[in-house]
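Go by the hints and put chains F and E onto chain S.
Chains as they are written, first to last, in this note's numbering: chain S, 1266 to 1522; chain F, 1266 to 1522; chain E, 1266 to 1522.
Since the hints were derived computationally from the structure, they do not count as laboratory data. Be careful, since some hints might not be right.
What the hints assert, rightly or not - Coverage of chain S stretches by chain F, computed from C-beta distances (three or more under 8 Å per stretch; other residues unrestricted):
#1 1289-1303
#2 1385-1394
As the list claims (entries may be wrong) - Label-pair restraints from in silico Cβ distances:
#3 His-1410/E x Ser-1443/F: 46 to 56 Å
#4 Pro-1415/S x Glu-1407/F: 49 to 59 Å
#5 Asn-1483/F x Asp-1418/S: 19 to 29 Å
#6 Pro-1423/F x Gly-1406/E: 53 to 63 Å
#7 Asn-1325/S x Pro-1423/E: 44 to 54 Å
#8 Pro-1292/E x Glu-1453/S: 27 to 37 Å
Built from N, CA and C at the ideal position, the CB exists for glycine as well.
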Amino acid sequence: MPIITLLTDFRDFYPAAMKAVILTIAPQTNIVDITHGIPPQNIKWGAAALSFTAPSFPDNTVHIAVVDPGVGSERRSLAIRATGKKTQYLAGPDNGLLIPAAKTIGSFEVFEIFSRSTEKPSPTFHGRDIFAPVGAKLSLGEDIHEMGVPITDFIELPTKAPAISNNILTGEIIFIDSFGNIITNIPEEIAFKFVNYGETVFLEDRPLPFVRTYTDVNSGKPLLLIGSHGFLEISLNRANARDYFNIDTEDIIQITK
Amino acid sequence: MPIITLLTDFRDFYPAAMKAVILTIAPQTNIVDITHGIPPQNIKWGAAALSFTAPSFPDNTVHIAVVDPGVGSERRSLAIRATGKKTQYLAGPDNGLLIPAAKTIGSFEVFEIFSRSTEKPSPTFHGRDIFAPVGAKLSLGEDIHEMGVPITDFIELPTKAPAISNNILTGEIIFIDSFGNIITNIPEEIAFKFVNYGETVFLEDRPLPFVRTYTDVNSGKPLLLIGSHGFLEISLNRANARDYFNIDTEDIIQITK
Amino acid sequence: MPIITLLTDFRDFYPAAMKAVILTIAPQTNIVDITHGIPPQNIKWGAAALSFTAPSFPDNTVHIAVVDPGVGSERRSLAIRATGKKTQYLAGPDNGLLIPAAKTIGSFEVFEIFSRSTEKPSPTFHGRDIFAPVGAKLSLGEDIHEMGVPITDFIELPTKAPAISNNILTGEIIFIDSFGNIITNIPEEIAFKFVNYGETVFLEDRPLPFVRTYTDVNSGKPLLLIGSHGFLEISLNRANARDYFNIDTEDIIQITK
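One chain only, chain S, in its complex shape (with noise of 0.2 Å):
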């Protein structure tokens, strides 16, 4: 059975409507929702949780995401075949949003979708007529390179790369989740060339004990770990630490010695 994951900002009936044309065209599939919950139009957080979940999934999972702030614009389409351990493949809009998901899977190709369909798509919802017909014929096995034309120019988004310097390590908040955990750009491999475990740092002169989980530390008081996603977070145990530290999603975060 072919597994199709949908990646969204959309609520209400909108990821309904996208299953029901992945079920009319490949009514096999099993659909598994990676999330909804995307802040609207937050290309961003949306492109750090694709890039957390997908590349776990089995060999030839088609990955639809959809946060669209640009839908009915002049804005490319894409389709995506990404390889490294598994092939996989994206579908989604040409923002920046799917590639970061296909870089942690591997090599990757990337296809400007055309539409040979004779039915007109909705100007405002190409995730039911454009990203959803595509993702459902992947997974039947369609040729990804008769549903587009390869391109180079797709569009990244623009980040804030991990760095250390002065005692000072900076990076860049792509995910604040619902438990209020913090998460950053920083990967382990960067964040252990600055700090091991037992140290304490500091953000906005807070001290921040680095520890391996939530529990290391007393309840409500705040810490930094590598979270399951192997990045570094900042968190507090059984407790916010969004509201804790009053941090927003477009920050940049300094960590300091």
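Just chains F and E now, kept in the frame of chain S:
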């Protein structure tokens, strides 16, 4: 693999309790959630969401819909067979919830379900004890004529039919989605009798350009378009029309030239 | 097709990360979400929701439940085989979460899972790295005796057993649903020793008629009934009992004559 969809105003573990019943009777069913985010007991919004989504599902899909403030009272339980391009089944309370979807699918027959169950249904959870078993049996191909008696006096929601008079287009708000888009019951055909692309009309004295997609106006600006569901929709580009117009679900809407 | 259910307090992409692991090990699994809406780290509510729902699933269903404030600490990981009318499996942390469901199913054996994995589990996400693989293997028919060692000193949640004395019925609130219905741990049998249909009792000096269903009182009025889960429930017809009584989860409840 037969498909059963669920649309309810249930949260928590209640939809899963319905799925347990369905999978016990029909283990190979593919259960798809349309939405469980209908505001509690808002039959009108549930009916709109169901009518927007159900007709797109494959042939022989069974839709179980439960927004049911009258549960346990004398209100009747319904099963419906609707036939247009496809045949679809609906099960739910006799309170108007199912009828707009049935009409959208095509012609339809309505049956009052009679319970032959030896176990008494919970007077507070017909979704689990009546509609889930009926839906599961319909998905297995059981004959709807054996499940109830045909009726014609089923309940329909009162609606304000869309109308144009004296340069005023009047309709009803039938759903407001989580982006804050205000969806009316004014279909494309009637909308185009009132306004053409490029023209500007007014809601509460505020200008509304009639456009094809959100990005046709500047960020934060209001607009009017035909939504992906085929009905007139009042939106803002990248912002929330519900908040902007301070409009709620029960309102009649009047668009002026 | 084997069934695995998930109940967690995870939001965002975390449940999907568990599904990726499950589908990699057991690709033909039907994964059903019981709920991911448990309030963060509220073991008691998670245990109630699981015990209300899990026992209704088909024979050999595997339930993975993770509400786990102690993740990464010394708390043990459990797999349970419960047998009553059906056999069901449970996997989750040793913090009391699984036990009420196991008891509701029937008699049960508890195993402490030992990890033979070569990969080290993330110290913050045992749902993905321990319970998802264990659940997937159980769904494939692997022998639970080979996954761990039997224990009898598993943790149980402290509870206030329901009791009647001096015309006071005392119990505990174990769940408040999203309609605001307050669910107690007082089972039907005990409730009927205290009150009969048609009688009125009191909560905080406010009258509560004991009825069969919500619509037996006027809109906005409080009532007492046996909920669909079989326990005494305090509700309002078409309104929110949680708000009306200003009651929260940790409270003991006392109903007076």
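A quick look at each hint next to the structure:
{"no.": "1", "hint": "1289-1303", "verdict": "holds (count 4)"}
{"no.": "2", "hint": "1385-1394", "verdict": "holds (count 6)"}
{"no.": "3", "hint": "His-1410/E x Ser-1443/F: 46 to 56 Å", "verdict": "holds, 48 Å"}
{"no.": "4", "hint": "Pro-1415/S x Glu-1407/F: 49 to 59 Å", "verdict": "holds, 51 Å"}
{"no.": "5", "hint": "Asn-1483/F x Asp-1418/S: 19 to 29 Å", "verdict": "holds, 26 Å"}
{"no.": "6", "hint": "Pro-1423/F x Gly-1406/E: 53 to 63 Å", "verdict": "holds, 55 Å"}
{"no.": "7", "hint": "Asn-1325/S x Pro-1423/E: 44 to 54 Å", "verdict": "holds, 48 Å"}
{"no.": "8", "hint": "Pro-1292/E x Glu-1453/S: 27 to 37 Å", "verdict": "holds, 29 Å"}
In the structure shown, no violation is registered for any of the earlier numbered hints.
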